[in-house]
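Chemist: Letter by letter, the chains look like this.
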Amino acid sequence: MIEIGSASMVFAKRGIGKADANDGFKALDNITITIPDGCIYGFLGSNGAGKSTLLRMLCGVYKTEQGSIKIDGEDVFDNPSAKAKIFFVNDETVQYAKFTLDGLAKFYASYYDSFSFEIYERLVNQLQLPRGKRMSEFSKGMKRQAVVIIGLSCNTKYLLLDEAFDGLDPAMRRFIKQIIINELVDRQATMIVSSHNITEINELCDRAMLIHQGQMIFADEIDNIKSGFGKIQLARRSGAVTEDELKNSGLDVMQYSVMGSVAQAVVRGSEDDITAKINTFGCEIAEFIPLTLEEIFIYELEARGYGSNIIDSSI
Amino acid sequence: MAQTSSTAAYKISFRKIARAAAAEVLVHKKLAIISFVLYGVAFLLNVFNSEANITTGGYITLHYSGWGLIFMVGGIAVSYFTALNVFRDMYNQQFCDVSMALPIKASERFFSKLLCLFYLQTAPLILSTFVGYGIKLLYALAKYGGNFSDGCPDYFMISFGALASSMFIMAIAVLCTCCCGAAAESAYLSLIAMFIINFMPIIYINNVICGSSGFIARGIGDVDAIVDLGYWGLMFLLGDAEEIAAHAAVGCVISLAVMLLSGFIYVKRDARSVGTPIASRVFFEIIMFTGCVTVFSMFVMSDIAFWGLLVAGVIYVIINIIVSRAKINALSFLKWAGKFAATAALYSILLVSTVTTGGFGLINSRPDVKYLSSAEFTIYYYSYESNYDYRENTRFVSERLSAEQADQLIKIYKKHIIKGRSEMSPVDVIFGNVYNSSAAQIYISAEGHRAIPGTPSPKSYFRYNYNASCYVLDYEERIQMPLSETKALIDELTELGLIHPYKEIYDTEVSGTTVSY
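Sequence lines, in order, name chains A and B.
If you're matching positions, the first sequence starts at 1 in our numbering and goes up one per residue.
If you're matching positions, the second sequence starts at 1 in our numbering and goes up one per residue.
One chain only, chain B, in its complex shape (with noise of 0.2 Å):
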């Protein structure tokens, strides 16, 4: 009997969240007619304005309309204020008594929403991108010939990009309204939920690990853990057109799962944490400490580190001072400065393992360069005592180098700088303290000459060389170390025969211009 009384409060009436998703549509008439204006004339755009060709080898392309993404955009930004409004009875009072009081259970209620923000965003965005790009995708077979497949990557990359776009603002919008009992913090702790999401891992990963290892990102594509986290939030753009389609998808599927998972917030409350900034004490200070450890991240490596801490601080304060709608005193501050100093010693235990393991291990990973037949290498360093005349004392070159010589030379300078960063202290490193006489900080890049075509792994060292269509050799890392092991690593690799210093000789009689030996 109790099995089926607990039964029977999970059941839902489908009939019921149908009935109040089409009356909650009513109620967001505006939005909707903004929503199906954006995303109509996006779809309008999508079908005349992009142009599907063929290729010289018989492949379909799909080239998406620029105005029609101007358009979709703008109606994924609307996504936000949508998410936000359609779920208003968490904290505007007034909502709250009438859907509260409504004859339907929580979980219909919550479910008939987020079938209202399918009609209003969701339905639109589909028949903008799926249907409108597919429509002109279709046109262009019917008139070239082929077979869809050819123009699946670009269909997809567009139409899944838009959708998990939209999916991911309206997941995060959800999950802060629910875990916010007032406006204001449901919409800025949104932005922030969002921005934190996005480039949190991104600068932890380029800054802090790429840091710790010395790795240079020159972009945040270039490396792969970076791509890898970007299944969610807006960072599916990293890859090409089949890994932003399959991000993009799978960031789909996260989106969905996050709104569901809200609905157990959702259900949970009743009317008394409406009104009240935080319903969710858990959701604020993962917020907070994320928050605090994205801003760290910006600063650390650097010799504005402290300044991190400082702007992180500020921030954190501020942030606690206008959700706390209550009086506040010294006791709050204090509570605060005692919060933020865990979060920042949290964040310097996790910080100085960082240091410690080279960026957990990335410090000994090496270009494969088996597949060369040739590399040059430059290496150069900056220190305090020598930083104003490195071109003459402290650059060096090498020849052209075969695949067994550039592998000799990276074992050699990975030797000497793990060696090197072994007897750093972790605060140098964290404080960037490069311009003292007893630190060095080496430059060190290289180029290939020849790649087999296909993907090496790990991408990080490798360029994609559009005119030869293969990857090539694209090496550069800057890194702190002492001095003294900075030159036994240039008087070891010279003895060898492997650089030699960089000589530059300004020629005005020949060229006018500077030629390097």
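Next up, chain A with everything else stripped away, as it sits in the complex (with noise of 0.2 Å):
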């Protein structure tokens, strides 16, 4: 199990420096979370939220100062035996160019007294990918999937992937998944995975976090996330509701738009919660409609002003 415990990070500004709280760039603020073991984590969030320097600190990379991130109990910073139930893959794959692939297995296989060639052999027969030639020229989803093949042969319990799937087409995607899941629910083996594609955590993950701007927005199984959410329409004769009726009524309003006598609303909350607010202002039509998770990131961020500068400024 790990557990992130109140867990912030601060970077200095660029040049000389040291971090400082208060003049360099806060990165991650106060997230807690704990990702139970054997289930695939989703790190959701916009750019530059966070996501990446939490999945470093996951893996040692970034010293946690400020809180705490346990790995089965133990710190994972400049520790080998947390460090050793971990493999991380990032979003590059630049650093592996001078290798073959045969190569980067013989180096991980130096690092990591789990490494099986037993999975290795069998996972590069299965992608049919060439050993003996350099990655640098490998297409940008071939080295991807020879960073998966050597994540999943460290044969670690944890394996954290950071936009891993970028560059590869959607049937590769579907079929590296694939793989991905057969080999890590056959060891009872916890993923992390971060990426902006919604609709792939949707897919693969049971649990999800939100991050915006360093802050945690919500973090849950993704059903309960998805049943948090609804978007009413409500159309009363008489005239629209308004904001401050919802708002009135108890509803936790994210977005409000009003068209005649209809008016439209994003709203938190459970369907039945929701539902039986919502009846109680005599409209002729009242609807829920649930959300997908991505209209709930793009909501929850939109409500946080993300991307409403840019919209701004282009009108």
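Hints are supplied without guarantee of correctness; some may be wrong.
[To be verified] Some chain B residues well away from chain A (every beta-carbon gap over 12 Å; in silico):
#, residue
1, ASN92
2, PHE95
3, ALA101
4, ASP240
5, ALA271
6, LEU310
7, PHE360
8, LYS419
[As the list claims (entries may be wrong)] Residues from chain A shown here face chain B by an in silico Cβ test under 10 Å; the list is partial:
#, residue
9, GLY5
10, MET9
11, VAL10
12, CYS59
13, ALA84
14, LYS85
15, ASN155
16, GLN233
17, ARG237
18, MET254
19, TYR256
I should point out that these hints are in silico values taken from the structure, not numbers from a laboratory.
Ideal Cβ placement from N, Cα and C applies to all residues, glycine included.
Take the two lone chains and join them into the complex the hints point to.
Modeler: What follows is the structure, encoded as structure tokens:
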């Protein structure tokens, strides 16, 4: 189990200097989540939200100076026994350019006692990647496949993938995901994947977290997340239901729009609770529509002003 | 319990280090091949192209291969790139992600990188020098007889010399990569640091300390203090064979210590400082300060001292602009100007202390002439008013003086110099105000005629005469002092009959050459 408790991260400004909470850039602010064993956890967030920073903290690339990160009860930074349970695939593959696939396998086998050449052989044969060719000659998709093979072959309890499916065509994306799931399910491993692709997270993960500008917006099981939001459409002959009426009824309104006598709003809460409240407005039509994860993502970020400055400037 | 866990934190696994080092070598295969080719060729040349002869005295001498040396220098140059590359996780985010996520302690990772440097650089270098020349030497011993110690000075000089050079370069590159978070800063600050370590002491001693005392060093090896500093850097080359070998061996130990000390910075760093040009502010400030001291010292004690300030200032600002990747504003320039002014002020204090103490007392030192049978002196002075006719009016020579007379002359000379210098403004000395009507520049030189064998001290006043196999007096000073004191010095020496005006007559009838009396 991974426990992240009130973890924060401050970066110094570029140039000479030391990280200072007042002067530096706060990439993560007080993040607290628990990632249970055997789940597939999705980190969702806008660009620069702090997903990669959190993944780097999880694998001990960044030292956690505020808060704590525990891997099965152990601190991870500079702790080989905790790190031996983690394999991190970052969002670039340039660092592997000089390696051949076999060379990369040997490299990681030198560090991971758990490295399985049996898994490696099986996956390489399955994906039919060239073993003796330098990875600089691989296509972007092939490089991704190669790193995922190595990650799975390291046979760790936790697999951390940062935008790992970028560059794969849809068919290969599906194929790779299936391979990962099969491997992880077999050994009850945990995968944490960060992505902008909400559909992917929706398909792959059973839990997810949304972060924006370093702050956690929500973290829960995907089904719970989805059931915590809804879009309502209200039509009232005597006049459209106002935003104040909605708020006064106790609804948590994220977005509101009106067209004639029809009001539309995105609200937080369970379907039962929202339905009970909207039935009190005396509307001719009162409809609850569940949101997709993608819609939740967009509305949550819009509610925090994300992208509005770009839209404003384009108008 | 707490003690046990803290002890465990410092435990390292040698098996892990060895495995990680082997993996690291695989990553740097190309650099390994380049090193092996260069040192391999050097090894063959050192075995087959060097010469080991026997002297008439029955000693074995080793004459190293020039071509072998060239290839070794090539290999040593590669050590710079090797060290920068092996420690690239300190400045490249992608490699840092790979490296720091690996299940190995930072200290083990650091030692594995040092071991990798040993495999890639040190081991092949040892093969090409210690083993290569060792084979040649053993072959000569088998052929001519004798013992190993006959060829030792040359053997150890070249072997330890090459090893010390390589280790020095790697130590600086490792230190800089551990203190910098960007490839560019790691690379150019390494080169700047190497320059400073080698040249700052020499320039300060040779130009400022010696300049303050009036002593002129004709070669950097003339100054004992500089030779003594040759334990680290590439300055071990200053001594003779035995000195070079000893200095280089000590240099290797110092380089190793620097590499190990860099480990304290390495283990403390995480990926946050990767991409930041400077990870250690203290390191950067030391480089900037010592760099300024080096540039200032090149220019002071002359009439271009002001330009030193300007050149150092411009370099200071340029480096700060490069290092500050963030937006630069007026405040940045003000900060740099303030720091530069503080550096210049500190240097000024050091400079004035050096000048007012006559090079920390070096002005009081005199050659010990008791071993000489005789010596001849030449004294002349330049001043603004006499510059154009100094030959007739300001040049004085001595007859062949006995050792006692030579000592007397030097004592009188020193007395006037110390008095004269105390009357001069340090600013005039620093800014090299030679050509004004109240100051003169005195030049004194002496040549001894016989010396007993052995190394006299201070060495700087003596020169080894290879023909006579002994040290001879070779004394030279050039110093500024008030004209009035200069004339008093000349008058006193003339009255005592120790010197007389120099006359030069062009004798066309006899030989067509210049003769002097």
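Chemist: Give a verdict on every hint.
Modeler: Checked hints:
The Cβ of B:ASN92 sits about 8 Å from the closest Cβ of chain A, inside the 12 Å cut-off, so the non-interface label is violated. Its closest Cβ contact with chain A, about 5 Å, brings B:PHE95 to no more than 12 Å, contrary to its assignment away from the interface. Its closest Cβ contact with chain A, about 4 Å, brings B:ALA101 to no more than 12 Å, contrary to its assignment away from the interface. Every CB of chain A is more than 12 Å from the CB of B:ASP240 (nearest about 44 Å), matching its label as outside the interface.
Not every beta carbon of chain A lies more than 12 Å from that of B:ALA271, the smallest distance being close to 4 Å; the non-interface claim is violated. Interface exclusion of B:LEU310 from chain A stands, the closest Cβ pair being 24 Å apart, more than 12 Å. Every Cβ of chain A is farther than 12 Å from the Cβ of B:PHE360; the closest lies at roughly 34 Å, confirming the non-interface assignment. Listed as a non-interface residue, B:LYS419 keeps its Cβ farther than 12 Å from every Cβ of chain A; the least gap is roughly 49 Å.
Nearest Cβ of chain B to the Cβ of A:GLY5: about 19 Å, over the 10 Å cut. The hint is violated. Nearest Cβ of chain B to the Cβ of A:MET9: about 8 Å, under the 10 Å cut. The hint holds. The beta carbon of A:VAL10 comes within 9 Å of a beta carbon in chain B, closer than 10 Å, and the hint placing it at the interface holds. Given the 10 Å rule on beta carbons, the hint for A:CYS59 holds: about 4 Å separates it from the nearest Cβ of chain B.
A cut of 10 Å between beta carbons decides the hint on A:ALA84: the least distance to chain B is about 4 Å, and the hint holds. Among the interface hints, the one on A:LYS85 holds; its C-beta lies about 8 Å from the nearest C-beta in chain B, closer than the 10 Å criterion. Taking 10 Å as the C-beta cut-off, the interface hint given for A:ASN155 is violated, the closest approach to chain B being about 12 Å. Violation of the interface hint for A:GLN233 is found here, the shortest Cβ-Cβ separation to chain B being roughly 47 Å, above the 10 Å cut-off.
For A:ARG237, the suggested interface contact is broken, since its CB lies about 59 Å from the closest CB of chain B, more than 10 Å. Contact between A:MET254 and chain B, as hinted, is not supported at the beta carbon level, the nearest pair being about 35 Å apart and thus beyond 10 Å. Interface restraint check: A:TYR256 against chain B, minimum CB-CB distance 40 Å, threshold 10 Å, status violated.
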